[in-house]
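Q: Residue-level listing of the chains:
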Amino acid sequence: MDFIDRREWFRRSAMLSFAGTLPMFLRSATAAETNGEKILVVVELAGGNDGLNTVVPLNDDTYHASRKTLRLEDRELISINDSVAMHGAMRGMADLFEQNRLAIVQGVGYPAPSRSHEISASVWHTASTDTEDHDGYGWIGRALDKGRATGPTSLLVSDRETPRALRGRRSAPIAVDNLDEFRAVVPMESAAGATDHESNVSGFLRQAAFDASVTAERIAGIAKRTEVGELGRIPGKFGRQLKTISDLILSDFGPRVYYCMHEGYDTHADQLGLHASLLGTLSRSLKAFLDDIQAAGLADRVAVLCFSEFGRQVQENASGGTDHGTAGPVFLAGKNVQGGLFGKAPDLTRLRDNAPDYTTDFRAVYASVLEDWMGVSHESIIGSRRERLSLFS
Amino acid sequence: MSWSRWQPSKAQPWDHRRITHLWRRAGFAPDWGMIQNGLREGFEPTLERVLHPDSSTVEAFEELSQTIGEAAVGAESADRLRAWWIFRMIVTPYPLQERMTLLWHNHFATSNDKVNDIAAMYEQNQLLREHSLGPFGPLLHAVIKHPAMLKWLDAESNRKAHPNENLARELLELFTLGEGHYSERDVTEAARCLTGWTVHSRKFLFHQETHDAGSKHLLGATGRFNGDQLLDLLLLKPSTAWRIAWRLCRMFFGENVLDEPEIDSLAELLIHNQLNVGLAVETILRSERFYADENIGCRVASPAEYMIGTVRALELGNRPPSTLLLAERFHEQGQDLFHPPTVFGWEEGRQWINTRTILARQAFAHDLVGGALYQARRPFDTALLPARHGFETAGQFYSRLFSRVRPRSTHDGASAETLVRLICDTENQLV
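Chains as they are written, first to last, in this note's numbering: chain P, 1 to 393; chain X, 1 to 431.
Don't read these hints as lab results, they were simulated from the structure. Any given hint could turn out to be false.
What the hints assert, rightly or not - Chain X side only, calculated, beta carbon under 8 Å to chain P, not exhaustive:
#1 Leu-258
#2 Leu-279
#3 Thr-283
#4 Cys-298
#5 Ala-363
#6 Thr-426
Stated by the list, open to error - Restricting the straight-line Cα-Cα distance to at most 30 Å, the calculated cross-link-like pairs of lysine-lysine (BS3-like) are:
#7 P:Lys-224 / P:Lys-237
#8 X:Lys-237 / P:Lys-237
#9 X:Lys-151 / X:Lys-114
#10 X:Lys-10 / P:Lys-146
Note that beta-carbon positions come from the ideal geometry of N, C-alpha and C, so glycine has one too.
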């Protein structure tokens, strides 16, 4: 027996009176500042997603000829229109697409693409193709630098190191591995004496401690909720991380950007089953996540951006896998997303080193996210004016 | 004159409260013996202990520290590097020096996240410590020209043909003058002075070919300045002195205790004394303002002050909790050593506090007392210290230890729950 049982202690604390003061869920950013702010959730498909087997061309001879073992037959696909289909494992995302909650941008990339994970990821993270800029701040960090200076601005749910995208000059992400970090172990008595917390430091601390215990209780309650169960039932790390993000958003925790990674897309060998399973998890989790958010009445505030550092080569390799390529599809999902298919499918008849040219510059996607969702001028973040897509309704 | 000397008086006695105040602000929370010593010896000898601890004790400590530090560097382990500094903070006979090192780590905020070189971070930390209470000039030169900083702020991509203003901007805005005391043109010109600074074989190297040797015009001066001359120019600016004075006042004073003229006057003192930081610190620690009632217990403790203070107050220096586990608690509470969040460092004060960090502070108290901060679980024996120091009840002892005010009456015996509460209590979250 622990000398003090955490749960028991917390249960006892729940009986204490919270009368009198209203909790402020964020100490350093006021509720008024965060209230109603748009939230961006970024999902990085780490390793280089095979875009060609994710958004698949129909009746394409090159595809057919290049993908002997990996080619997906019509019955394994969910068609979007006459020429394009989604991988059959992506039922959840296909549903989102039909409900107008998913935008698919085809052939997204950049000029003179690098096929190094490290360099290409840095291009996406910093929104710059100049490697001299790759030690600098990330595109999201720079965007958040323009916003409110207080409170947590971005939150990474991961056990990995901080992606460069989140690093700003002023704004820094906090990283959370799991919700245990939000568990209260010491009960608070009350916020008495916390009334003049603006001027009085000890009042401020008392109020903060009180708020923390209320927030912890809320998070604990939300994490345990049973009415929306699908997200909680998805096995594996990625589903768990999206669940954590959902719990934190529902608790009104505060950050404007959440970031997580779905790992395993570097499929050099035996790709078929592995990739289907990855896309299945991704798709099911995203759908369940957005449904969770919608059920909580927060659908208007949340959008998900899903990208990978590069696509893969058209010709499969001898190990039943694919090697590093260039452009690939980007997804945007959410109630306020303008659903549909954007950009042109990459031209498989004109390949360079076995990979197609991009058809949409990734900065055209960022420009829309920055302007239409985060409310920041894209020019100041990306450094140049871009034709931007209209990815939000 | 606002920095006039303080003398104990009937209205402002040298007592338990002021002894605790001095140690908490200029070191870490004192243990019972240190408080008793302070009462017995009086103000001057106690201040002397803060400023100039016994040198043979310091030497022995440094020897041990070096062994641990070099092992961490040899293992190229960021975790062990953090653990090394935490070990230092817990065990050091010279706590003021560690606090000043923390202050400079925040001033010259450099993160291993980008530097990615344990040896360089260790060296930088030692530089900060070595110069922590000396004149600011040598500190500035040493830190700016050290590979950790050059890598952190992209000095190598700042070449004549390809200027990169990163180092120049932070040098002007954060390390010396402060915002509002330079123009964008000054940043560009400063970047030109700094061209040619690179790292070779892990050492600073001046590269003549990439240096822009042309004439520069900045901050009212014109000349073919190089990087060193730029630093010297910055050291002569009154706003640099002001920024150091401001930094020191943030450490030694609570919110809204000082007025700007008082910082001005400390800056004056620095200007007339070659920016001697040690002298400024001593001036502060002798001043009326420092011991004034409104300056006592009104600063939010940083995670370091809170945790290290608690560990030291509980006399755990001989059998400290796992420094590796403590390093994780620093991270959870928002002060990941050697990994400040941005070049601005930690904002400190109330910014330490949010839902997550409050819960982490509580978890620390709970786990320290429960024993979970030891690799092999070792609950804290709450009866030990009260008995050692002749207290009848543990509650009485611990509330006296962790509180500057006369405690509410506590009838508790050796209750772990009471101790956890006292550690979490507002009184112990304030320094």
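Q: So, for every hint listed, does it hold in this structure?
A: Hint by hint, here is what the structure shows:
1. Leu-258: Violated: closest Cβ of chain P sits about 15 Å from Leu-258 of chain X, beyond 8 Å.
2. Leu-279: violated (29 Å)
3. Thr-283: violated (25 Å)
4. Cys-298: Holds - the Cβ of Cys-298 of chain X comes within 8 Å of chain P, reaching about 5 Å at its closest.
5. Ala-363: holds (5 Å)
6. Thr-426: holds (5 Å)
7. P:Lys-224 / P:Lys-237: The given pair, whose Cα atoms are some 18 Å apart, holds under the 30 Å limit.
8. X:Lys-237 / P:Lys-237: violated (54 Å)
9. X:Lys-151 / X:Lys-114: Within the cut-off at roughly 8 Å; holds.
10. X:Lys-10 / P:Lys-146: violated (53 Å)
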